[in-house]
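Quick mapping for you: the protein sequence lines, in order, are chains A and B. The first sequence begins at 147 in this note's numbering and counts up one residue at a time. The second sequence begins at 15 in this note's numbering and counts up one residue at a time.
Treat the hints with care, as some may be off.
[Said to hold, decoys possible] Think about it this way: if two alpha-carbon atoms lie no more than 27 Å apart in a straight line, the pair counts; the simulated DSSO-like pairs of lysine-lysine are:
| hint | chain 1 | residue 1 | chain 2 | residue 2 |
| --- | --- | --- | --- | --- |
| 1 | B | Lys1173 | A | Lys245 |
| 2 | B | Lys597 | B | Lys537 |
| 3 | A | Lys241 | B | Lys810 |
| 4 | A | Lys264 | B | Lys606 |
| 5 | A | Lys264 | B | Lys909 |
| 6 | A | Lys309 | B | Lys606 |
| 7 | B | Lys1173 | A | Lys419 |
| 8 | B | Lys537 | A | Lys241 |
| 9 | B | Lys550 | A | Lys245 |
| 10 | A | Lys419 | B | Lys1167 |
| 11 | B | Lys550 | B | Lys633 |
| 12 | B | Lys1148 | A | Lys241 |
| 13 | A | Lys419 | B | Lys1144 |
| 14 | B | Lys1133 | B | Lys1148 |
| 15 | A | Lys243 | B | Lys609 |
| 16 | B | Lys810 | B | Lys606 |
| 17 | B | Lys609 | A | Lys309 |
Everything labelled a hint here was simulated from the structure, so no lab data went into it.
Spelled out, the chains give:
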Amino acid sequence: MDISTSYLGLELKSPLVPSASPLSQNLDNIRLMEDVGAGAVVMHSLFEEQINIASIEVDHYLSHGAESYGEALSYFPEMDSYEVGPETYLEHIAKAKSKVDMPVIASLNGISSGGWTKYAALMQQAGADAIELNMYYIPTDPDLSSAEVETMYLKTLRRVCEKVHIPVSVKLSPFFSSIPNIAKKMTGLGAKGLVMFNRFYQPDLDIELFEVTPNLTLSTSDELRLPLRWTAILYKRIQADIAITGGVHSATDVVKGLLAGANITMMAAELLKNGIHRIADIESDLRDWMEQNEYSSVSQMRGSMSQINTKEPAAFERANYMKVLRSIQQDPTGKLWW
Amino acid sequence: MDGNEAAAHVAFRTNEVIAIYPITPASPMGEWADLWSVKSQKNIWGDIPKVVEMQSEGGAAGAVHGALQGGSLTTTFTASQGLLLMLPNMYKIAGELTPTVFHIAARSVATQALSIFGDHSDVMAARSTGWGMLFANSVQEAMDFALISQAATLQSRIPFLHVFDGFRTSHEIAKIEVIPDKVIQKMIDPELVKAHRNRGMNPNKPFIRGTAQNPDVFFQSRETVNPYYLATPEIVESVMKDFKKKTGRSYKLFDYTGANDAERVIVIMGSGADTVEETVQYLSKKGEKIGVVKVRLFRPFSMEHLIKALPKTVQTIAVLDRTKEPGGMGEPLYQDVVTALIEDQSSETPKFERIPRITGGRYGLSSKEFTPGMVKAIFDETAKDYPKNHFTIGINDDVTHTSLPFDPDFDIETRKTTKAVFWGLGSDGTVGANKNSIKIIGEETELNAQGYFVYDSKKSGAKTISHLRFGPDPVNRPYLIRNADFVGVHQFGFLQRYDTLALASKGATVLLNSPFDDKTVWKNLPNKVQKQILDKELKLYVIDAYKVAREANLGIRINTVMQTCFFAISNVLPKKQAIEKIKEYIEKTYSKRGKTIVEMNFRAVDMSLEHLHEVTIPKRATSNIKMSGALPAESPEFVQNVIAEIINGNGDNLPVSALPCDGTYPSNTTKWEKRDIAMEIPVWDPDICIQCGKCVMACPHAVIRSKVVPVELLAEAPDAFKFSKARFKELPDQQYTLQVSVDDCTGCSLCVEVCPAKDKTNLSRKALNMESKLPIQEQEEANWNFFVDLPSMKIKEHTEMEFNKTKETQLLDPYFEFSGACAGCGETPYLSLLTRLFGDRMVVANATGCSSIYGGNLPTTPWSTDSNGCGPAWNNSLFEDNAEFGLGMRLSIDKQTETAVNLLKQMRGKEIPESLAEHLISSDQSTEEEIKNQQHRVDELLKRLSHKPNSTARRLEEFADSLIKKSVWIIGGDGWAYDIGFGGLDHVLASGKNVNVLVMDTEVYSNTGGQASKATGLGAIAKFAAGGKPTPKKDLGRIAMNYGYVYVAQVAMGANENQLIKAFKEAESYEGPSLIIAYSHCIAHGIDMSKGLDQQKLANQSGHWPIYRYDPRLRLEGKNPLQLDSRAPKIPLKDYIYNEQRYKLLTQTHPRKARELLKEAQDWVDGHWKSLEEMAKEPVTETNEQE
């Protein structure tokens, strides 16, 4: 049984890929991922803000209060180097590459027009096999049109693609007016893959302290349906590989993703919650499913239930909405059932 | 490099064990040693020296002694009181003929006051220990003599003090020739090292050393060492010759410079010798027959070499000592020279026909300037027939008339040297930029370079003055610049406050950081400054450095901007080359902090040149702006005449008669020193305010005050004065007002952060919001003046209030206000609160450290008084003895009370009514009301006594006040309580006496720049623990609780204010020893200081800082004395510690170790909490009760 797949032109031994998460900050974890069957690893993200903040912070606190008072001309010992910002990240990529054979995909997260995109080239130099570009912008200016926002995304992508020869994928937000259109434009600029979708740190409101607090909850399998739909719709409609991320927790989820048209399925929450060894369990379950359903390879599965291959293309469109509504029943207490 | 680094460079390479302890100005030597060892740098034998921090200098000396006896080459670094603590071991080390070198940044010993600055009083106290003493005069010599003394000690077996002047040499940056390691290696004879090791203790060849001896042999044994001392001068001389061969630099035991036929000679040692030498060279060229003997080897004193060094023609010798021995016939060097000359004269072959006339004088105490003008004055005096003996120079002694007059304008500096002076703020990076400039010029050109920096004694809004010299000739001038070719004024406000241009020479260039451009700046200059510019024909350049820095994302750090401008207009280097080099050095300095920082600074360099403009100087001074500096007319006479002079930078001009003879200064003086340093201030919105008082409690500088007053008192209030209906049930129908003293505020914004009241419709607005000061400054000054005259609440009078909560204590006036502590300090809010509760009857023993500096460093003190003139009586003894010092105060008060009671007993029923005497003797003074009643009884007693003629009555009058309860507080930081003073603290707690100890625990030696103490947390980076502290914090509270009869509380204002108030009150009311350990966030934690109280809360929530109270009185009620006021930890430790750079840095320097230590720390915190919980649950047993 062949579960190998290709993604961004890279040969992967498995479609199971840990997505960007804190797990990849530890080299031992990365090695374990490979040992238990991961096809590749997406490194934790290097954030545009992080490139500057750590440096600025170290600089600020080493200088703060220094050279002011004769008895205390500084407050910290001055070391030869500090692992701040991208240098550490780049070294980490290089170390990861030396430890594993599977492809290592670097993740770069940002949106502004700053100089941070040059780190794509440095990631390539550090040995990354591909770059996953994670862009998300929260427009707050009512005068900023969606077209302008899209232009911003495309500019950034172009800038990154110009700087590297390794493949670049884009991790998308699901909140575009026309996902197929932006996907097409992105592939036109050189994106070799689409990762669907980004999950954001959504602010929450603390109603006791009256404060806005950052919050990130781990995904559940329910969230799979959003990327599943768009994967099914985009499969073969755009010239790019597709990775599903967000809501992949079991072999069932993986199977669904592959059937919809994904090249790979990524997971983080499942591994964070239940451990990296889950990759092996899921692979085993995947193989069982394939055996039971007489699939001999992942490539055979891929896209077999995509929109263009399904008996019911409308199921992925608005018509399906009516079908769902009709199936909803209300019980006497007012509770909804479907 | 500076003198400390120069000495440490050699010490590190030539030793195997290094014991360290922080003390200014020697701390950096220990810091270098620790840092180098963490970086695995090696000594000349290829090993990494073992560096260990001890609990005190006494401990360091003991460890050194032991390591030496173990056969290792061992050293330490110290100064001042630290050296004094080493003396007992030094006698032993010398008595055992043990080779070692202690490197000393010589500093004043505390007498009428502590001083961190340089003189020789510390090393002179070590004269009788039997140590050799070699004096280095400059940074170069600090390195050279470190090696020479190391080589000499091994050869002679006499231990050496290698001495250089604190600050003047230890902190001066100079271009020097670094001794190559190969040379160091060659200077250290391996056979001598082996011999030292062979003398070490070893069970394979056992012996005993350190015996006790009796009258029969002790004396003779003492004389056995004579040959070694006799041989030492020759040994040092030969080492110096060897050193010259290897390096080309020549030194003699006594170096003479001057005319061969000199008639007048000065003998001197230390950095001042270079000033004399330079002046001698200058005056000799003018035909004066003068010379100088620079004393290198002071001990063993070689009479023979001194006599040899003096020209035969000398008729008068002036010996200068940088120390004072009150009551002596003269200072040490003077006495030695007199003795030497008399002995020579009594010898068979005297050198001189007639013994030269010898005078002695004191100079330069506590780094007092010693200038060529002073040297000339001394030579002029020696030319007189009867020159003044036992003179002083550099001051105006109008009391005993010891001082010589001198010409302050006498200038011998050549035009070839570029002299630049920079006025800056600590926070703007001026000093750092100047240090960088020296590096650029020193390392990249043939020019010599020197930098010396004058710092403020305030920790917030601190002013710095940098003195830089560059030139083709040697620029080793150990005195400040008086005629600068370049003056940089990096703060526009300084122009009005200080006479910045007084140091500019004619035609000098002035660079001004100005918010006004080249077209508008002139009219915004004070009139005096305009006149100086015109009179001295100064060239003026301006740049809005803050604007440029902001645009380059550098915030308020204008260092790069001003440095670029300096190079652009000073012509020290060709402009293009200078800019290239600035960028190169930015890369060198900042690349380790990340490329971002480098790029930001590059941008600032480029932008600076575009924004720098020369000002066209008008022909006349037209400004109406006057210089500030005058203190309010209502300030006391002493404040106006003395304190004001010190504030304005004119302290050097104060004569001896102006100053107190015993170090006693008035309290309540910070209020006259309006420092006006905040850019933004908190502004109160009474409509949002809930009157909780948190801001009042949290304010580190006690600039936010609140009062509740009847509305009629507000009738005359200024229009902008704000108030609202008071929400206090005990104070119905009154008005609440909250006011900020804007000129005392540091703008730290801690108050805004702690404010819980938010605007319901706009949650970003609170009851306090930071706003720009300038537009409302005048209005708020008027409001403050009105506010201070409103009646304050008195704890003894308002008995309707319990003052158990922040809401209530806010209404009490603090007796600690407007300190110069760091903006956002975590210690001072505790002191303000403490004084609110007990201030009018407090006696305070304050350990040396941050609190003794912001509490007692001249010019002003925050310890204040009330309208009755009462307030805390404050004193600082030493670092190590504070608990004992405070206990002494308690004993003294108790003794006086006892005497008063005895006298009362003698008079009771006779002159004093029985009931009054009985009440006076046995009154319960456990509440403020009771204390007030006792005060009334004492008043009554005094009234009655005044009519009694007998001596018992007179004596009781003297002691009557001691019948009123006094509150003794022993206050200090963790360096004192956990380390150097722990032995004493332990004893004082064990004594059972009624003292209250407040430890403001910053978990680090804050005052000396952040060295680790035993209070430092596991995994925190600190100096002396550059690799992360590997052991957990000492549990001082648990140690004290073990006694069973000590009241112990651990508190954190940010965690629970009301628990803190409760702890203060319980501790004070407990008739036994009390210990309160207070978490104090600190600038040395690397945190946003405005979030200090949030960090306190997190420290508590993570379990790092559980709060509790252990009250032995509870046992009498059958209860467990330990009450946990914390809940079980609810956040992981990392959520607290990684908000702080002290912990986070380890993840950036030693990530793996950081992970390991975090785990250990979390385990420790969990275990610690569990054990506290268990202890709090323990049933009270009979045995416990008996305890």
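Evaluated hints:
1. Using a Cα cut-off of 27 Å, the hinted pair lysine 1173 of chain B and lysine 245 of chain A holds, with the two alpha carbons roughly 25 Å apart.
2. At most 27 Å may separate the alpha-carbon atoms for a hinted pair to count; lysine 597 of chain B and lysine 537 of chain B exceed this at roughly 35 Å.
3. Annotation: proposed proximity of lysine 241 of chain A to lysine 810 of chain B is violated, straight-line Cα distance about 69 Å (limit 27 Å).
4. Distance check on the hinted pair: lysine 264 of chain A and lysine 606 of chain B sit about 19 Å apart at the alpha-carbon level, within 27 Å; holds.
5. For the hint pairing lysine 264 of chain A with lysine 909 of chain B, the CA-to-CA distance comes to about 77 Å; that exceeds 27 Å, so the pair is violated.
6. Proximity of lysine 309 of chain A to lysine 606 of chain B is assessed by CA-CA distance (about 25 Å); at most 27 Å being required, the pair is judged to hold.
7. Taken as a hint, the lysine 1173 of chain B and lysine 419 of chain A pair is honoured in the structure, with Cα atoms around 20 Å apart against an allowance of 27 Å.
8. For the hint linking lysine 537 of chain B to lysine 241 of chain A, the alpha-carbon distance of about 62 Å lies beyond 27 Å, and the restraint is violated.
9. Annotation: proposed proximity of lysine 550 of chain B to lysine 245 of chain A is violated, straight-line Cα distance about 70 Å (limit 27 Å).
10. Restraint check for lysine 419 of chain A and lysine 1167 of chain B: satisfied, since their Cα atoms lie roughly 26 Å apart, inside the 27 Å limit.
11. Between lysine 550 of chain B and lysine 633 of chain B the CA atoms are separated by roughly 13 Å; this keeps the pair inside 27 Å, and the hint holds.
12. Between the alpha carbons of lysine 1148 of chain B and lysine 241 of chain A the distance comes to roughly 26 Å, so the proposed pair stays at or under 27 Å and holds.
13. The suggested pairing of lysine 419 of chain A with lysine 1144 of chain B holds, with an alpha-carbon distance near 20 Å, which does not exceed 27 Å.
14. Proximity of lysine 1133 of chain B to lysine 1148 of chain B is assessed by CA-CA distance (about 35 Å); at most 27 Å being required, the pair is judged violated.
15. Taken as a hint, the lysine 243 of chain A and lysine 609 of chain B pair is honoured in the structure, with Cα atoms around 24 Å apart against an allowance of 27 Å.
16. Among the hinted pairs, lysine 810 of chain B with lysine 606 of chain B is inconsistent with the structure: their alpha-carbon atoms are about 58 Å apart, more than 27 Å.
17. Only pairs whose Cα atoms come within 27 Å are accepted, and lysine 609 of chain B paired with lysine 309 of chain A is accepted, the gap being roughly 19 Å.
The structure does not agree with the numbered hints 2, 3, 5, 8, 9, 14, 16 stated previously, though it agrees with the rest.
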